[in-house]
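Number of protein chains: 2
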Amino acid sequence: MTYFIDGGKELTLEKESFMLELERDPLWKIDDYPNISLAEIRERTMAKVRRLADDLANSSKEKFTHKMSVISVIDPGFWTRFGVHIGLFFGALQGQATPSQLAYWLGKGALTMQGMIGCFGMTELGHGSNVAGLETTATFDPDTDEFVIHTPTLTATKWWIGGAAHTATHCAVYAQLIVGGRRHGVKTFIVPLRDPTTFQLMPGVNIGDIGKKMGRDQIDNGWIQFTNVRIPRSYMLMKHTKVKSDGEVIKPALDQLAYGALIQGRVSMVSDSANVAKRALTIAVRYATVRRQFSSEPGQPETKLLDYPIHQHRLIPLLAQTFAMAFAAREMNTKYLSIMKRLNRAKLADNEVASVLEDLKETHATSAGLKAFCTWMCLNIIDQCRQSLGGHGYSAYTGLSTAYQDFVVHCTWEGTPLMDPLHAMAERAKKGLPLPENVSYLALFVKSTRRPSCKSDAKGDVCSLTTLKEAWGCVAANAIIQAAREFEDASKRGLDKDAAYEACSAARLHAARMHTFAHLLNHFISILETSPAPLRTMLVRLATLFATHSASQHSGEFLACGYYTPEQIYTLKQCINDLCAEIRKDAVNLVASFNYTDFVINSPLGCYDGNVYERYFDLVRRNNPQKPVPYFESLIKPLLTRSIEPVVGPKLEIDEQGEED
Amino acid sequence: MTYFIDGGKELTLEKESFMLELERDPLWKIDDYPNISLAEIRERTMAKVRRLADDLANSSKEKFTHKMSVISVIDPGFWTRFGVHIGLFFGALQGQATPSQLAYWLGKGALTMQGMIGCFGMTELGHGSNVAGLETTATFDPDTDEFVIHTPTLTATKWWIGGAAHTATHCAVYAQLIVGGRRHGVKTFIVPLRDPTTFQLMPGVNIGDIGKKMGRDQIDNGWIQFTNVRIPRSYMLMKHTKVKSDGEVIKPALDQLAYGALIQGRVSMVSDSANVAKRALTIAVRYATVRRQFSSEPGQPETKLLDYPIHQHRLIPLLAQTFAMAFAAREMNTKYLSIMKRLNRAKLADNEVASVLEDLKETHATSAGLKAFCTWMCLNIIDQCRQSLGGHGYSAYTGLSTAYQDFVVHCTWEGTPLMDPLHAMAERAKKGLPLPENVSYLALFVKSTRRPSCKSDAKGDVCSLTTLKEAWGCVAANAIIQAAREFEDASKRGLDKDAAYEACSAARLHAARMHTFAHLLNHFISILETSPAPLRTMLVRLATLFATHSASQHSGEFLACGYYTPEQIYTLKQCINDLCAEIRKDAVNLVASFNYTDFVINSPLGCYDGNVYERYFDLVRRNNPQKPVPYFESLIKPLLTRSIEPVVGPKLEIDEQGEED
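Quick note, the sequences are listed as chains A and B, same order. Be aware that the first sequence starts at 1, since it is given in UniProt numbering, and climbs by one per residue. Be aware that the second sequence starts at 1, since it is given in UniProt numbering, and climbs by one per residue.
Among the clues, some could well be false.
As the list makes no split between identical chains, a pair holds if one copy fits it or if it spans any two.
Unchecked claim - Think about it this way: if two alpha-carbon atoms lie no more than 20 Å apart in a straight line, the pair counts; the simulated SDA-like pairs of lysine to any residue are: (1) K627 to G562; (2) K212 to L38; (3) K63 to R50; (4) K469 to R51; (5) K108 to P309; (6) K361 to A424; (7) K9 to L539; (8) K627 to L38; (9) K239 to L106; (10) K469 to E21; (11) K637 to A39; (12) K573 to S505; (13) K459 to W28.
Derived by calculation from the structure, the hints in this document are not laboratory data.
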């Protein structure tokens, strides 16, 4: 099963080798994170950056990516600190620099960090996902052939810039290009922040530390203000838009290729969702087979948590979701790599570009949906797993409270799902045009007047994968068509395109969610065909549980479109009970197939040998053993030994006189 | 509106006075929490304990409780540290000590902390909510007239004990009473932990620090192990079960009164849910009326977040939920106080006890359900509000990431909702017996064969409060009856009572959730009648939004029981859109009516004057201004200046020979 999940024995062995390498390196000690300060965390993380930088220079990109995907489970905050340089900063260079610019920055150490470390200056205090609204300006000065980078207002302060506070020497700054008084949109400029030899701030650059966050304290997010900072004209990345020394601005023919870097980020977040969910479930399932609570008969040992139906209901469907995400992540990855390969080839034959761009758009939309819903799904998995540990889930030593705090930011950055491409697909379907495979269900529903429904009440029919696939297709198509209809209604009421999109935003979000479920299920089913025979029974169970559980959570949709009757929904629920009980028998093996070592799991409650209490106690016992309470003399003793005199004021003459009256 | 929410002008003025008092006291500075260490947080919290202890001695219980409910929003961790002594430890004394025992401990300072500070030793490493399964033993030694308190195994270690690590001198220890070799169940024993004059641990007592948690680091949770610690027989709390010096164990007639303390905890958690939700929404709504994003037309100012329908959908229904919770909390409080009054009177007339106990049981069940679902609801509100701040929600300075981490434990402790009493009510309904008012909807559905449904498709009818009340009653009754049926089916299959309860646990949980929604709605509607006329229109809107939004989130239930048709569900959704847009106009006033000062809100993004960016920047700017990066010389410089020699090994003779061959 492990080989199947990982995508082959070779990849499994490689992953195992990375885990071993990291475990043996004292720098990667992670079980004491709860005890060390923000400053120590930051410093230790930099030491790891230093160490990993050599790997970057010496290993293949693919191998390095695989290693980073293991590291991202072990130490998500490190992953971000390193990723800012290699993914965002270097990614911006790759995507937006001309060949000679790229060569120039490579020579300065832009990849290997020999000479410079980069950060990525997009977001501002007052501006997040709306890049077009950024306020920082880059004004061209033809007299000196320079750009002047400037922060005109407080809200234009670059904000959340990872690596800015402590690490970076250079920043890829997103700013409004202004030439001859005219604005030409947001472009990217490489701005030196610190002198690499002294680490002194460059003139006009002000930087501060964003400080404590909910998680990922490993990365030193900072704010940056520029006061008329001058850079050579050639520091603007000019692969697309170009500015000549005489001030002429040359716009590119196609500006869409910037998609690439964003998609890569999303693809890795889908993988990360699957991987982090694997870790959370390993902890929760292992603990639930050790922890006992309440005995069924007096004198008998208490029952294991995982033998309670309510606990199975909580965890086992999450196991099915994790498999669905893992397979979807693998597919996204493959797809992305193949598009990138074609794109690189396409550089030679210009006429291929358009066709690749079409595919890129579709992948863009699917990856946006998968990113949004898989990160939400994973966050829910972490939280459910954490809650399933009872009170111990609240401890910083059991692994999941920190996992939540680290992961939750995935749900925020890089935005929310896109509906526009789905809307376009609905239009295509109406016109009878061919559809990409993952929205092919639309064709069935757009034109037909008779809606499909589940014809048989037999459990085997209601809960078969064939029925469930049709059911989810029906619900997704319904939601997409509904959103398209609301858009048209809004347009008819006279709203312009943007306003009409806003008016149906809830319906669009809902449609994207339903489409993503259908996509996850369809891909899971397609995987079954290629799966090794001994695994198939289990995989079918997992796929069926994924489909029935998510359907029962959205039962209103299935009832509303008339696919299932209330009785059939009830049958689904019984099927979920049966599947939970069935899969529970193999639950321990299934989490073992995720193949993470105790080092990666990094939770005493999720250890392989089940010796959870001793390990947990050993870890906690390291906290200040029996030292005297530091504030006993100053605070506690005065409290315990104080005396309170009742307040009785002097007797007033006026009261005595009053009495006499 | 403020007076109406708070329950009268007097209470509002009192709350304002508390807020002012705390704001003026430098000890209550809270805006620098993200910057200070665990050790500093602990110490500062103890200083507040010291200060508040005098209040405890000098103010009425009611006034003190009101003050604590303000403090619980400002500093939830402090609230827990103080609450462990006053709520749990002193509560245990009040509930379980005989009058002479209570007098004895009061004389030692058990209330005022003059001489002792208490903690509450219930949970163990291996045992949470199953109190009967606790392993710690209290063995009676008739020779010395003492109990021997002992931790027999690792899993018996007292765990999570708030105040144990740094604060407490005494502990109310829950342990198995063993007399003459026989076990008599879990009882409570007061065990000295530390010498109050030296703070040295008592012989046989070992204590450690549980360390870092997800939140509430203000409280020093600890673990305790007892090795044959001896205490006088009279240190066992003997209001109920008594042990005589000759070893005779006298069991109480009625043991149910221990409910009291638990209910108090739950009631305060429902209040707390409402109060914390008020704070979260104040931050989110104020920020959403300042933050702008994307302009509808070029050159125009960007649109305020709260003017986007999708943002309204996110926040406005949560506003309605908060009102529902606030009113329910007020009612629970009143009910609880009246029962407690009757209970104290009942001590005189024994025949009244049974009747009060009936009411207590019902309150117990309702409070358990409200506690469970209101804490979940509030947690969701915090998280949605946090997400609505975009990236800034991830900062520790904007108030909601910490709020989440502090609040999330409310969802864990003191257990999950009870279904048993609802099941009993279903039985009563079947037999035609009278029902308590809050489950009166059962009577309508149990016996009738024709199910009620919404007869009219007109928007005004589908979305009227009368219809919605009937609809929610129908869904709740359905869920309760379904759970009862599953229980009976399981019994028929031969399962014993406990196993049958387990088998239908998912259905029971679902029934409790549906019942709680119906209860919240019914109470909201009943409040409308007593509301001042000028507020009524707004309150009706809020109640309707609460009902329609929660119905649309559970649309499957309404479709399955045939109350609404799919078209009517669609009408509900349109009604939600309209209500969100309508209530949005008053959103700023509504959060103002929650009446929290900027000090209590403690978030630059939620300040009253809307000057969010300056305040946020000022707060963050306090972080290390321009200090040199501490590890530049040791780590960064060597990284930037290193050189990597390509590895080229010596040329081997064997290869040259090979070439020659």
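Structure-based check of all given hints:
1. K627 to G562: neither (67 Å within a copy, 65 Å between copies)
2. K212 to L38: This pair counts as both: shortest intra-copy Cα distance 8 Å, inter-copy 13 Å.
3. K63 to R50: The answer is within: 18 Å in one copy meets 20 Å, while 58 Å across copies does not.
4. K469 to R51: For K469 and R51, neither the intra-copy (48 Å) nor the inter-copy (64 Å) Cα distance is at most 20 Å.
5. K108 to P309: neither (60 Å within a copy, 48 Å between copies)
6. K361 to A424: within (11 Å within a copy, 58 Å between copies)
7. K9 to L539: For K9 and L539, only the intra-copy Cα distance (19 Å) is at most 20 Å; the inter-copy one is 63 Å.
8. K627 to L38: This pair counts as between: shortest inter-copy Cα distance 16 Å, intra-copy 23 Å.
9. K239 to L106: Cα proximity of K239 and L106: one copy only (16 Å, versus 79 Å across).
10. K469 to E21: neither (43 Å within a copy, 62 Å between copies)
11. K637 to A39: between (33 Å within a copy, 18 Å between copies)
12. K573 to S505: Between copies, since 13 Å is at most 20 Å while 31 Å is not.
13. K459 to W28: neither (51 Å within a copy, 62 Å between copies)
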